[in-house]
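Visitor: Listed here are the chains, written in short residue letters.
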Amino acid sequence: NAGVTQTPKFRILKIGQSMTLQCTQDMNHNYMYWYRQDPGMGLKLIYYSVGAGITDKGEVPNGYNVSRSTTEDFPLRLELAAPSQTSVYFCASSYGQLQDTQYFGPGTRLTVL
Amino acid sequence: AQKVTQAQTEISVVEKEDVTLDCVYETRDTTYYLFWYKQPPSGELVFLIRRNSFDEQNEISGRYSWNFQKSTSSFNFTITASQVVDSAVYFCALRRSQGNLIFGKGTKLSVKP
Chain A
1 NAGVTQTPKF RILKIGQSMT LQCTQDMNHN YMYWYRQDPG MGLKLIYYSV
51 GAGITDKGEV PNGYNVSRST TEDFPLRLEL AAPSQTSVYF CASSYGQLQD
101 TQYFGPGTRL TVL
Chain B
1001 AQKVTQAQTE ISVVEKEDVT LDCVYETRDT TYYLFWYKQP PSGELVFLIR
1051 RNSFDEQNEI SGRYSWNFQK STSSFNFTIT ASQVVDSAVY FCALRRSQGN
1101 LIFGKGTKLS VKP
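Same order as they appear, the protein sequences are chains A and B. Under my numbering, the residue at position 57 of the first sequence is numbered 57, and the numbers go up by one with no gaps. Under my numbering, the residue at position 43 of the second sequence is numbered 1043, and the numbers go up by one with no gaps.
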């Protein structure tokens, strides 16, 4: 099992560009999540999905979009990148909701200049 | 309000010292889960422990131990005989009924040889 994989590992964007952060899990988990981690801070939830075709906003969804067409994949789309979106992005997955541990991918470090 | 507070921003110890990382949480839920994650310098998030709100037994895993006290809303983490490899940022997190994790800001632990 590869667990949760994320691509790319690093990316530099110019203001106004768009990109998609990829996330794939091979654990057959129903739930998937996107978090961002700003320097010196904990992680904040951007979007989450409870299954294919179902997504919902987290704490900081503005400027992002997600889709979940398959159980395995949960891409995060940035439209019109802004410097405030410079952060490390983590994807996570869990089998169920409350009691299940979330397993994290290695992260994507994004810089918007 | 749901909140996790890790008051210690940074701790520095010498190898073989014991160290305790504090975590205080706030929630109105009666059922919730608490987690500790480790983030080594390489950046990934490593799951350490999960504890549910109905189980106040302390847990020990090798040099790691956790003390959960509902009366003080605390879930502290102790490393006994610390080692250089324990150097990392440690996050405490609360999972409430809606499913997403609420993270503290983390405690950076530096263990000097």
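Because the hints were derived from the structure by calculation, they are not lab data. Be careful, since some hints might not be right.
Unchecked claim - Below, simulated BS3-like cross-link-like pairs (lysine-lysine); rule was C-alpha separation at most 27 Å, straight line:
#, chain 1, residue 1, chain 2, residue 2
1, A, Lys44, A, Lys14
2, B, Lys1105, A, Lys44
3, B, Lys1016, A, Lys44
4, B, Lys1070, B, Lys1112
5, A, Lys57, B, Lys1112
6, B, Lys1016, A, Lys57
7, A, Lys44, B, Lys1112
8, A, Lys9, B, Lys1016
9, B, Lys1070, A, Lys57
10, A, Lys44, B, Lys1070
11, A, Lys9, B, Lys1038
12, B, Lys1105, B, Lys1016
13, A, Lys14, B, Lys1112
14, A, Lys57, A, Lys14
15, B, Lys1112, B, Lys1003
16, B, Lys1003, B, Lys1105
17, B, Lys1038, B, Lys1112
18, A, Lys9, B, Lys1108
Stated by the list, open to error - Some chain A residues judged to face chain B by a derived CB distance under 8 Å, without partners named:
#, residue
19, Ala2
20, Leu45
21, Tyr103
To be verified - Per the computed footprint, the stretches of chain B lying under chain A, defined by three or more beta-carbons under 8 Å from a beta-carbon of chain A, are:
#, segment
22, 1069–1079
23, 1082–1088
These figures come from a predicted structure and were not determined experimentally. Beta carbons: idealized from backbone N, C-alpha and C, even for Gly.
Visitor: List in ascending order the numbers of the hints, as given earlier, that are violated by the structure.
Guide: Hints 3, 4, 5, 6, 7, 8, 9, 13, 15, 19, 22 and 23 are the ones this structure does not satisfy, whereas the remaining hints hold.
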